[in-house]
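Trainee: In case you want the letters, here they are:
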Amino acid sequence: MTEFRYLKDVVTLTCDQDKCIGCGMCAVVCPHAVFTIAGKKAQMVRRNLCMECGACMKNCPAGAITVEAGEGCVRGIINELLGIEGPCC
Amino acid sequence: MNSPLTALPMAQPVPEGAGSFCLPSLNQDFVCGHLETPVGKIPKVESILERRDRLGHFRVRWNIGRDTFTVEPGLYALSCPNTDSPVLVTANYKLTFDLLRQALDGFSCWILVLDTKGVNVWCAAGKGTFGTEELVDRIQASRLHEVVKHRRLIVPQLGATGVAAHSVKQYSGFSVHYGPVMLEDLPAYFRNGNKAEPGMRLKQFPLKERFVLIPVEIMQALQQGLPVILFFLLSAGFFGNSSFFNMLIVHGLPPSLAVLSGIIGGTIFTPLLLPWIPGKAFSMKGALCGLLLFLLVLLPLYGADTHYSSLEKSSWLFICLAVSSWFGMAFTGASTFTSLNGVRKEMLIGLPLQFAALTVGTVMWLTALWLST
Ligand code: SF4
Ligand code: SF4
Numbered sequence: 001m002t003e004f005r006y007l008k009d010v011v012t013l014t015c016d017q018d019k020c021i022g023c024g025m026c027a028v029v030c031p032h033a034v035f036t037i038a039g040k041k042a043q044m045v046r047r048n049l050c051m052e053c054g055a056c057m058k059n060c061p062a063g064a065i066t067v068e069a070g071e072g073c074v075r076g077i078i079n080e081l082l083g084i085e086g087p088c089c
Numbered sequence: 001m002n003s004p005l006t007a008l009p010m011a012q013p014v015p016e017g018a019g020s021f022c023l024p025s026l027n028q029d030f031v032c033g034h035l036e037t038p039v040g041k042i043p044k045v046e047s048i049l050e051r052r053d054r055l056g057h058f059r060v061r062w063n064i065g066r067d068t069f070t071v072e073p074g075l076y077a078l079s080c081p082n083t084d085s086p087v088l089v090t091a092n093y094k095l096t097f098d099l100l101r102q103a104l105d106g107f108s109c110w111i112l113v114l115d116t117k118g119v120n121v122w123c124a125a126g127k128g129t130f131g132t133e134e135l136v137d138r139i140q141a142s143r144l145h146e147v148v149k150h151r152r153l154i155v156p157q158l159g160a161t162g163v164a165a166h167s168v169k170q171y172s173g174f175s176v177h178y179g180p181v182m183l184e185d186l187p188a189y190f191r192n193g194n195k196a197e198p199g200m201r202l203k204q205f206p207l208k209e210r211f212v213l214i215p216v217e218i219m220q221a222l223q224q225g226l227p228v229i230l231f232f233l234l235s236a237g238f239f240g241n242s243s244f245f246n247m248l249i250v251h252g253l254p255p256s257l258a259v260l261s262g263i264i265g266g267t268i269f270t271p272l273l274l275p276w277i278p279g280k281a282f283s284m285k286g287a288l289c290g291l292l293l294f295l296l297v298l299l300p301l302y303g304a305d306t307h308y309s310s311l312e313k314s315s316w317l318f319i320c321l322a323v324s325s326w327f328g329m330a331f332t333g334a335s336t337f338t339s340l341n342g343v344r345k346e347m348l349i350g351l352p353l354q355f356a357a358l359t360v361g362t363v364m365w366l367t368a369l370w371l372s373t
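Line by line, the protein sequences are chains P and Z. Quick note: the first sequence uses the working numbering, first residue 1, plus one each step. Quick note: the second sequence uses the working numbering, first residue 1, plus one each step.
This is chain P alone, in the form it adopts within the complex (with noise of 0.2 angstroms):
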């Protein structure tokens, strides 16, 4: 299966080390499979392929991650560009 990527360092994903409590819920989300659990802490190792979704944020009960979540899509940042709200999808 080919494999897609992206844009590199372009995502605004971060996790707090100290927040988690490994709970493994964002591993488990992820459509990417950004995260993996070691030694009961998250740690994003595929961060290049988040497409800032924003379902680990969403399911972590810790609060430790945080990301800019949106739809990448282009009527969506016209918009935002205008200054207008308006829908994407």
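Calculated from the structure, these hints are not laboratory results. These numbers come from a predicted model, not from an experiment. No residue lacks a Cβ here, since even glycine has one placed at the ideal position from N, Cα and C. All clues given are correct.
List of simulated lysine to any residue pairs, SDA-like, C-alpha gap at most 20 angstroms: (1) Z:K169 / P:I21; (2) P:K8 / P:A33; (3) Z:K203 / P:G24; (4) Z:K208 / P:R5; (5) Z:K44 / Z:L23; (6) P:K41 / Z:H166; (7) Z:K203 / P:F4; (8) P:K8 / Z:W276; (9) Z:K203 / P:A27; (10) Z:K345 / P:T14; (11) Z:K203 / Z:A334; (12) P:K8 / Z:L274; (13) Z:K195 / P:G24; (14) Z:K195 / P:T36; (15) P:K40 / Z:P198; (16) Z:K195 / P:A27; (17) Z:K203 / P:A33; (18) Z:K203 / P:E3; (19) Z:K127 / P:N79; (20) Z:K345 / P:R47; (21) Z:K280 / P:L49; (22) P:K8 / Z:L348; (23) Z:K127 / P:L81; (24) Z:K345 / P:N48; (25) Z:K127 / P:A69; (26) P:K8 / Z:K203; (27) Z:K203 / P:V45; (28) P:K8 / Z:Q204; (29) Z:K169 / P:G24.
Derived list of chain P stretches under chain Z, where covered just means 3 residues or more per stretch with a C-beta under 8 angstroms from a C-beta of chain Z: (30) 3-12; (31) 21-35; (32) 48-54; (33) 59-71; (34) 74-83.
Output of the computed footprint for chain P on chain Z, the stretches with three or more beta carbons under 8 angstroms from beta carbons of chain P: (35) 192-203; (36) 270-283.
Dock chain Z with the ligands against the given chain P, drawing on the hints supplied.
Mentor: Leaving out everything else, chain Z with the ligands in the frame of chain P:
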């Protein structure tokens, strides 16, 4: 004591009637009977899709009537579930609902349909309509506690963007288990004791999936592209020195073909050839596909009997590349691995270039037209 609903911190005021008892209507054409339960008659559905279901799928794949292709939200019974049967959560886009019941051929379970305004799970989760609040409300409105004995929900993994499992547990008592990304993996997931293999957790973007997205991309592109084509045809016809139709064909057709080639490059070639086109940015991939189409469609015109000035010939290239790059970039919206900040970065560079290329191309073409008169 506060009800779970009032305890939930709401981003918006609770909609009128949210959480009050409500079952979906039995009068929907895909419903084939009902199941008597302590809470009332639950509509029953089967895994077999009818011709009319498939016809509807075909239409929405072509972007026709997508907004009204919905099922009523609420609880449904697939085949003959009992109080121990699993509860699967889904969106009220009928295509999603149909594919779910089709994937569960031979199983009996409950399907809890959330009101996502007819949008599929992933997009709705991104918008938050497939979310914690709606799920908690819908559980309450369906009196799910009285229909099943267990307290487990299977939520599609791609819904996790909108659903916070720990909050659902807190407010409804139901624990959320994330099912596989793809519906087709559900039988294997069940056989595996409700566990998803690591591979089932990955969102891929195979050729088949890219392929079915093409019609919608084409329809949306034509909406933007046809006015541009009309502009070229009419300008050529009106501003030329010879007869309207003669000018329209001779000078209006090539730039129209350039726009069409751009649309084909961006909406058909880019999705299909995605993994093999060089580059990471979609605007780049789109432009390369546009170049390919240009070589195939417009370059032959260079040797045509009509003598085109090199200014006019070059204008086609600019127009074609701008259009294909734009529609290639637009495909990020449908892809499954592009990030918001990645697209933002790409647009910051791509958008001015596309705009410049289209402007330059159009000005060159108008100049050539004016010089030829
Ligand atoms: S934002 Fe989405 S893609 Fe990125 S790490 Fe979290 S779950 Fe994975
Ligand atoms: S979901 Fe949060 S707490 Fe759990 S492992 Fe991931 S980062 Fe740690």
